[in-house]
Amino acid sequence: MSRATSHPAGEPVRLEAHWRDVRGQPVSDGVVGLTLRRDDADSADFAVRTLDMVPDATGAGSYVARLAPLPPGRYVARLAGGAEPPVAGGVTSFVVTPNTVEATQTRRDDQRLTTLAGHWHGICVFVPPDRTDLPAELVAALDEVDWTPRGVARRQRWDPWSGWPFLAAVCGLLGLEWFLRRRFGLL
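In terms of this note's numbering, the sequence shown opens at residue 176 and continues consecutively.
Treat the hints as calculated values from the structure; they're not laboratory data. Ideal Cβ positions, reconstructed from N, Cα and C, are used throughout, including at glycine. One or more of the hints may lead you astray.
So the derived label-pair ranges between C-beta atoms look like this [as the list claims (entries may be wrong)]:
1) T275 / F301: 24 to 30 Å
2) P187 / T323: 51 to 57 Å
3) R241 / D285: 36 to 42 Å
Working from the sequences, and respecting the hints, build out all of it.
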């Protein structure tokens, strides 16, 4: 069976199976059926379907079934055949995922885009898809923009109690104390 395990809802599902005989040669003249059932909580709403797979045009033992768009859910497909040698049931499962807003084709709302650009003190220029040059209005708007980078001045106060100079001073004083104690026999 085909290896695609996820299909979007609303689009046809294409399943492909390969059939080889006991010698490993492709079989292209057999009759292959496909049993499709739903394998999730909503399976009571979906009747088991039996479809005939048609040989692919390549003639290399490939069989194809094109299913109408299916509702979202998990499905199990099992091969069944009645030719010689008999086709034993290869099983595959796949998921039909629900449509998302991102994948849906939406129309552009020109009025909303113009309002949004106006709120941000900008302009909205619509360029037809067949036009290859930039409109004069857009070129003029880009020329008005100040493209010089802004300098950011930062002031930092020096804190002698945090950082390596303070740590070096503490280590130096402790080392001096150890040296003096050692010299005078106080260790």
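**OP:** Check each numbered hint against the structure and report the violated ones by number, ascending.
**Re:** No hint contradicted; all consistent.
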